[in-house]
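Asker: Chain residues, written in single-letter form:
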Amino acid sequence: MGNLLEHMGIERDRINFSWISSAEATKFVEVVKEISNKVRALGPNKKLVKDYN
Amino acid sequence: MDTCIQKIREIAFQLLDKKEVERVIGFSNGTIPMATSPITIASKQDTEKLVFNSTCGLNLANYIRQQKGKIAVIAKGCDTRNIVTHIIENQVKRDQIYIIGVPCKGMINKSKIKALFEDEIIKFDEDGEILNVESSSKKEKLNKKDYLRHNCSLCQHRNPVIYDVLAGERVEEQIIDVPYPDVEKIAAMDADTRWGHFQDLTKNCIRCYACRNACPLCYCPTCFVDESGPQWVGKGQDKTDVNTFHFLRAFHCAGRCTDCGACVEACPMEINVRDFTRKLNKDSLDMFGWEAGLDLTKRPPLDAYSPDDPNHFIK
Numbered sequence: 001m002g003n004l005l006e007h008m009g010i011e012r013d014r015i016n017f018s019w020i021s022s023a024e025a026t027k028f029v030e031v032v033k034e035i036s037n038k039v040r041a042l043g044p045n046k047k048l049v050k051d052y053n
Numbered sequence: 001m002d003t004c005i006q007k008i009r010e011i012a013f014q015l016l017d018k019k020e021v022e023r024v025i026g027f028s029n030g031t032i033p034m035a036t037s038p039i040t041i042a043s044k045q046d047t048e049k050l051v052f053n054s055t056c057g058l059n060l061a062n063y064i065r066q067q068k069g070k071i072a073v074i075a076k077g078c079d080t081r082n083i084v085t086h087i088i089e090n091q092v093k094r095d096q097i098y099i100i101g102v103p104c105k106g107m108i109n110k111s112k113i114k115a116l117f118e119d120e121i122i123k124f125d126e127d128g129e130i131l132n133v134e135s136s137s138k139k140e141k142l143n144k145k146d147y148l149r150h151n152c153s154l155c156q157h158r159n160p161v162i163y164d165v166l167a168g169e170r171v172e173e174q175i176i177d178v179p180y181p182d183v184e185k186i187a188a189m190d191a192d193t194r195w196g197h198f199q200d201l202t203k204n205c206i207r208c209y210a211c212r213n214a215c216p217l218c219y220c221p222t223c224f225v226d227e228s229g230p231q232w233v234g235k236g237q238d239k240t241d242v243n244t245f246h247f248l249r250a251f252h253c254a255g256r257c258t259d260c261g262a263c264v265e266a267c268p269m270e271i272n273v274r275d276f277t278r279k280l281n282k283d284s285l286d287m288f289g290w291e292a293g294l295d296l297t298k299r300p301p302l303d304a305y306s307p308d309d310p311n312h313f314i315k
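Line by line, the protein sequences give chains E and V.
Per my numbering, the first sequence runs over residues 1 to 53.
Per my numbering, the second sequence runs over residues 1 to 315.
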């Protein structure tokens, strides 16, 4: 799925997959931080965004 | 391929005469030249209506589900792969289907031929590898191999993979060194150009769903685009909704698509929706060594877990 989105031109770093157990709070925080940093670096997404106005 | 029609009619006649099958699904002539449409026949007198030529681009595996009694179906190489997929996915039972396999040398790209003429085509017939096409103003003799559909020109499974009887001699399989040149071409672009390419590709889509309806894989009782509670995707022409439809439909076909080209054949706007599905076919091959519909005993890659599955994407 990530590959097809990337093929369509969506930046790879916007698509993230992870498996986190409910007991792994630390891993959850780490993954969220990492993803936030990657997405922040990319800036706002302009692709596949619906304009409701 | 024109000689095999006699054989097809003969087989169909015998099957209906001996009541071995209740119906035969095949192609009949359409209402205009260079067009054929699917037909179901139940009486042996009607077998004369059956035709088979290079314009039979639809996939008859799409019509074998939810049939009562035993039915016969005429199937090209790709169609038989979709029948295999149907059997694996429990849509039909093997013993319910009598497969009349047709070794296939490819179907023609009708829009490429239409583009040669300024006016309407009034006559079309084929003589072996030569296509005779005629409009009111001119006649053309064309080499079939120059006018093959893109998927047929890259086809590596021309012979039926499963059949009860063959209606013609097996044909030589093509050896293709680079099976996915189109996918590689898109992959070589940068992200924004790729995005532009797909925006451009779908810009004429009218959301008629002909691609979905022609696809033998799209048999969900309610398609996600038709759901209203929840409504997964908007129903209008908004470009994000159009892209979401094409993206998700393609993904539902991941590891199942045989690249039969029925979606493109059915599209009234001549959109090459295969640009979506082919990427997934290439991924299935690269990541799982999988081509859909070749083996009745193997589960599709997205349906089975193996410790060898690639998992680099997950953290």
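Just to be clear, a hint being listed does not mean it is correct.
Label-pair ranges, simulated between beta-carbon atoms [as the list claims (entries may be wrong)]:
# : chain 1 : residue 1 : chain 2 : residue 2 : range
1 : E       : Arg12     : V       : Ala304    : 44 to 54 Å
2 : V       : Asp308    : E       : Ile35     : 26 to 36 Å
3 : E       : Lys33     : V       : Val171    : 51 to 61 Å
4 : E       : Ile20     : V       : Leu285    : 26 to 36 Å
Covered by chain V, according to a simulated footprint, are these stretches of chain E (three or more residues, beta-carbon under 8 Å) [unchecked claim]:
# : segment
5 : 1 to 9
6 : 16 to 27
7 : 37 to 51
No wet-lab data here; the hints were simulated from the structure.
All values reported here derive from a predicted model rather than from experimental measurement.
By construction, the Cβ of each residue, glycine as well, lies at the ideal position given by its N, Cα and C atoms.
Asker: Next, verify each hint and record whether it holds.
Answerer: Verification of the supplied hints:
At roughly 26 Å, the beta carbons of Arg12/E and Ala304/V sit outside the given window of 44 to 54 Å. Between Asp308/V and Ile35/E the beta carbons are some 27 Å apart, a value that agrees with the proposed interval 26 to 36 Å. A hinted range of 51 to 61 Å for the beta carbons of Lys33/E and Val171/V is consistent with their spacing of about 58 Å. A hinted range of 26 to 36 Å for the beta carbons of Ile20/E and Leu285/V is consistent with their spacing of about 31 Å.
Judged by the Cβ-Cβ criterion of 8 Å, the segment 1 to 9 of chain E is covered by chain V as claimed, because 9 of its residues qualify and three suffice. By the rule of at least three residues with a Cβ nearer than 8 Å to a Cβ of chain V, the coverage given for the segment 16 to 27 of chain E holds, with 4 such residues. Under a criterion of three residues with beta carbons nearer than 8 Å to beta carbons of chain V, the stated coverage of the segment 37 to 51 of chain E is upheld, 5 such residues being counted.
In this structure, the one hint that does not hold is number 1.
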